[in-house]
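Asker: Under the working numbering, residue 272 is the last one in the sequence shown; the count climbs by one each step, no gaps.
Certain hints may be false.
With a straight-line cut-off of 35 Å between C-alpha atoms, the simulated DSBU-like cross-links for lysine-lysine are [claimed, not checked]: (1) Lys236 x Lys247; (2) Lys236 x Lys213; (3) Lys247 x Lys213.
Hints were generated in silico from the structure; no laboratory data involved. Keep in mind the model is a prediction, meaning the values are calculated, not measured.
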Amino acid sequence: MTWVAAVARLRAHREPGVLVTVATVRGHAPRKAGAKLVVGPTETWGSIGGGNIEAVAIDRARELNTAADPEPELMEFALNDKVTGPHGVQCCGGAVTVLLEPLPVVQAVAVFGVGHVGLELARILARHNLDLHLTDSRPDMLTGERLAVLADPVAQVHVHHTPLLPEAVLEELPPGTHVLIMTHDHAEDAALCDAALRTPGLGSIGLIGSSAKWARFRQRLAAEGGHDAAAIERIKTPIGIEGISGKEPATIAVSVAADLLRSFERTAAAGT
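Let's have the full structure, built from the sequences with the hints guiding it.
Answerer: Here's what the structure looks like:
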């Protein structure tokens, strides 16, 4: 498997990894500059030359895989018989610098309802390195022509058309997915809120709407859904940055996206 395919595999499996590259070579070394190795939680792909260099790089990469907010770093190796590494001696006679670039699991966001606001939000989020799930019960909201505005995204976009039970998509989402509920139908919104609270492993849950709408939903989630107050408080509404009062879809989308991205940064800073 090529290193490019290995990186894609880790992304698809939502596993952390580290891309290890021979950055510089002075004198004789096992591999030339540019050689690459991908280190996943349990597997590796490629090689930077074997021996002590590769074993030490793999050890460090595995440490980075479990770190809260890893940063790229350089490692230097002298290849002579006077230097004994933890995995033996390499006496090629040169020196090697290796770059380790963490490949963390990206955030995942699911937008339920790709109407005016949902589409504007998708346009913003698609420009970020995340997994973006778009769900709508209306087929005309998910046509290729309408979603053409998401062409060439940075995000990996997954489209789900569920005409009957959009809440079933919740069970298909990867762990930690942040859910934003903004469909065209308040009954659909209510069903999604109830299902989201019953789905283990989700990230944050946000609901678009007014205080009057939320008051009705709170009562229904408690009386009909049987959810306690602590569970219901998991749902954030209104969503977006406080103080931005514009009603235009693009304005709402910018506010919601900014609030969500800010929460990602807070989570990373907290190391969770």
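Asker: Run every hint past the structure and note whether it holds.
Answerer: Now for the hints, and whether the structure bears them out:
Taken as a hint, the Lys236 and Lys247 pair is honoured in the structure, with Cα atoms around 19 Å apart against an allowance of 35 Å. As the CA atoms of Lys236 and Lys213 are separated by approximately 13 Å, the hinted pair is consistent with the 35 Å bound. At most 35 Å may separate the alpha-carbon atoms for a hinted pair to count; Lys247 and Lys213 meet this at roughly 16 Å.
In summary, the structure agrees with every hint in the numbered list given earlier.
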